[in-house]
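Taken in order, these protein sequences are the chains called X and C.
Just so you know, this note's numbering puts 77 at position 77 of the first sequence, and the rest follows in order with no gaps.
Just so you know, this note's numbering puts 138 at position 138 of the second sequence, and the rest follows in order with no gaps.
Hints are computed from structural coordinates only; laboratory data are not their basis.
Among the hints, erroneous ones may be present.
What the hints assert, rightly or not - Which residues of chain C face chain X? A few of them, derived with a C-beta cut under 7 Å, are: (1) Ser17; (2) Gln343; (3) Phe345; (4) Asp346; (5) Ile349; (6) Leu350; (7) Arg406; (8) Ser407.
Just so you know, even glycine gets a beta-carbon here, dropped at the ideal spot from N, CA and C.
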Amino acid sequence: MSQKPSVKEIEQNLIDDFGLMDNWEEKYEYLIELGQDLPEMDAALKTEDRLVKGCQSSVWFDIHCQDHKVVFSADSDSLIVKGMVAILNEMLNGQPAEDVLKADLTFFETLGLWHHISSQRSNGLTAMLAHLKLAAADCLE
Amino acid sequence: MSKDILSARNDFPILSSQVNGFPLVYLDNAATTQKPQSVIDAISNYYSTINSNIHRGNHTLAIQATDAYENVRKKVATYINAASPDEIIFTRGTTESINLVAYSFGEAFVKPGDEIIVTQLEHHSNYVPWQLMCQRKGASFKVVPFDENGDLDLEILADMLSEKTRLLAVNHISNSLGTINPVEKIVRMAHAAGVPVLVDAAQAVQHTLHDVQVIDADFYVFSGHKMFAPMGIGVLYAKEKWLEALPPFISGGNMIDQVTPEKITFNVLPFKFEAGTSNVADVVGLGAALDYINSFDFQAIQAYEEDLLDFGEELLSTIPGLKIYGNPKRRSAILPFNIEGIQHFDLGILLDTKGIAVRTGQHCTQPIMDALRIPGTVRASLALYNTREDLEQLAHGIERIIRRIRS
Numbered sequence: 001m002s003q004k005p006s007v008k009e010i011e012q013n014l015i016d017d018f019g020l021m022d023n024w025e026e027k028y029e030y031l032i033e034l035g036q037d038l039p040e041m042d043a044a045l046k047t048e049d050r051l052v053k054g055c056q057s058s059v060w061f062d063i064h065c066q067d068h069k070v071v072f073s074a075d076s077d078s079l080i081v082k083g084m085v086a087i088l089n090e091m092l093n094g095q096p097a098e099d100v101l102k103a104d105l106t107f108f109e110t111l112g113l114w115h116h117i118s119s120q121r122s123n124g125l126t127a128m129l130a131h132l133k134l135a136a137a138d139c140l141e
Numbered sequence: 001m002s003k004d005i006l007s008a009r010n011d012f013p014i015l016s017s018q019v020n021g022f023p024l025v026y027l028d029n030a031a032t033t034q035k036p037q038s039v040i041d042a043i044s045n046y047y048s049t050i051n052s053n054i055h056r057g058n059h060t061l062a063i064q065a066t067d068a069y070e071n072v073r074k075k076v077a078t079y080i081n082a083a084s085p086d087e088i089i090f091t092r093g094t095t096e097s098i099n100l101v102a103y104s105f106g107e108a109f110v111k112p113g114d115e116i117i118v119t120q121l122e123h124h125s126n127y128v129p130w131q132l133m134c135q136r137k138g139a140s141f142k143v144v145p146f147d148e149n150g151d152l153d154l155e156i157l158a159d160m161l162s163e164k165t166r167l168l169a170v171n172h173i174s175n176s177l178g179t180i181n182p183v184e185k186i187v188r189m190a191h192a193a194g195v196p197v198l199v200d201a202a203q204a205v206q207h208t209l210h211d212v213q214v215i216d217a218d219f220y221v222f223s224g225h226k227m228f229a230p231m232g233i234g235v236l237y238a239k240e241k242w243l244e245a246l247p248p249f250i251s252g253g254n255m256i257d258q259v260t261p262e263k264i265t266f267n268v269l270p271f272k273f274e275a276g277t278s279n280v281a282d283v284v285g286l287g288a289a290l291d292y293i294n295s296f297d298f299q300a301i302q303a304y305e306e307d308l309l310d311f312g313e314e315l316l317s318t319i320p321g322l323k324i325y326g327n328p329k330r331r332s333a334i335l336p337f338n339i340e341g342i343q344h345f346d347l348g349i350l351l352d353t354k355g356i357a358v359r360t361g362q363h364c365t366q367p368i369m370d371a372l373r374i375p376g377t378v379r380a381s382l383a384l385y386n387t388r389e390d391l392e393q394l395a396h397g398i399e400r401i402i403r404r405i406r407s
């Protein structure tokens, strides 16, 4: 299996992809498409203790540590949040724990998606990233 | 001669703006209404011409500002048909009005073993203050449930009312389902049991009957910002006998008569409940908002909004997979719904990309969402400046989203 590109490389590719969209509707539709392509999470894993609860949507994260890499599966009842999960999946899944710890929300900020959604204090994006970082910290121990 | 309702739209500058490149379709009026130019001008003119602190100064501006402020108190009294302007207390909004009553009434009249009744249809602002007061006072907190249509179960209310009940708090219109509660009947039931009633009219005062003497409410509360006035100004109406009997909530300047180290006596009504410097500019704005509403025939507003609601309900019902919540005997200006397979949050964000503003979530009514066993709804809510075109835009927007997501 070939080496996964770095977080920054993947991020730049995604920013370029989204840059092709003219308006918010297209950006969200693309985000939703990415979410729809996200590998299915095992329904048995959608338990209360794996829930990262946002105000308006539920997100489940199942996170493991493998060879100092962060590996996870996730799902959400919101198509848009699921799209954001897909972005996190693309960028961070299988990445070395130290890189996950350094990850920020540049992608979402660059696209304005972050501002647009975070103002509704509801998507739990910060909480999702915090979840991944906590697991990454455990992974380094 | 009353103004034509269809011309109302032109009075609100924000309604001709663009959002995300599309003409704004504003359907979040239950959260807050937009402001007509006359209200915006009134606030600006106040600061440009007569700004001064009220009730204390004896210079010209202080007198003019005091007059402007007290005139609005009279306008409010007239609008809700209070027996006297002294029964009108200015607050920051509905929430503060309810907290004032919950605190002051609790201090004066509630003891361990007593009961306070609210309903399952309440906004958190007419729920939590009573819950906290019950905790402080060792009283029981009772909740009247609603039925499958979204109407309150008045038989259960009748059973709950007893000699232990100290107060009943109920909204006139549910902000979440739009149910118009039969408050006149509810007040009659409570009064027959010797129980005073607080009516939360935040969603009602601009849409339906708002005569406190007909409703016979002991306390009647509302916010300016949901009736075209600025944010940060609200009203507590209470029958004079209650205002005389209740201790002050917030203390300080303006609300006292005599102060010595040994003794305080309070100012007369309504000043006993208006400590500190008042929000004069926004009171003036509230006055302009009342003038604005009064420039229409109120019955014509009601008829127009009812027609609009019926139109919207029918239009949305034709969308496959769309479910409207509640089927109350009477509904006002609020359409709560969900679409099968699309989360409310997603729908709100996607509608926003087309300039359509709706509210999504729990609407500060978790007990209602729990009863319906749903995480939230999309809520479209109307005001007199909305049109059938707004609702058509909403329906088209929803259909487009459904098509795109399901394709």
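To see whether the hints hold, each was checked on the structure:
Contact between C/Ser17 and chain X, as hinted, is not supported at the beta carbon level, the nearest pair being about 16 Å apart and thus beyond 7 Å. Annotation: C/Gln343 was flagged as interfacial toward chain X, and the flag holds, the nearest CB pair being 4 Å apart, inside 7 Å. A distance limit of 7 Å between C-beta atoms decides the matter here; for C/Phe345 the minimum to chain X is near 4 Å, and the interface restraint holds. Taking 7 Å as the C-beta cut-off, the interface hint given for C/Asp346 holds, the closest approach to chain X being about 5 Å.
At its closest, the beta carbon of C/Ile349 sits 6 Å from a beta carbon of chain X; the interface hint therefore holds under the 7 Å criterion. Interface hint at C/Leu350: satisfied, since its Cβ lies 6 Å from the closest Cβ of chain X, which is below the 7 Å cut-off. Using the Cβ-Cβ criterion of 7 Å, the hint placing C/Arg406 at the interface with chain X is not satisfied: the shortest such distance is roughly 11 Å. Residue-level restraint check for C/Ser407 is violated (minimum Cβ-Cβ distance to chain X is 10 Å; threshold 7 Å).
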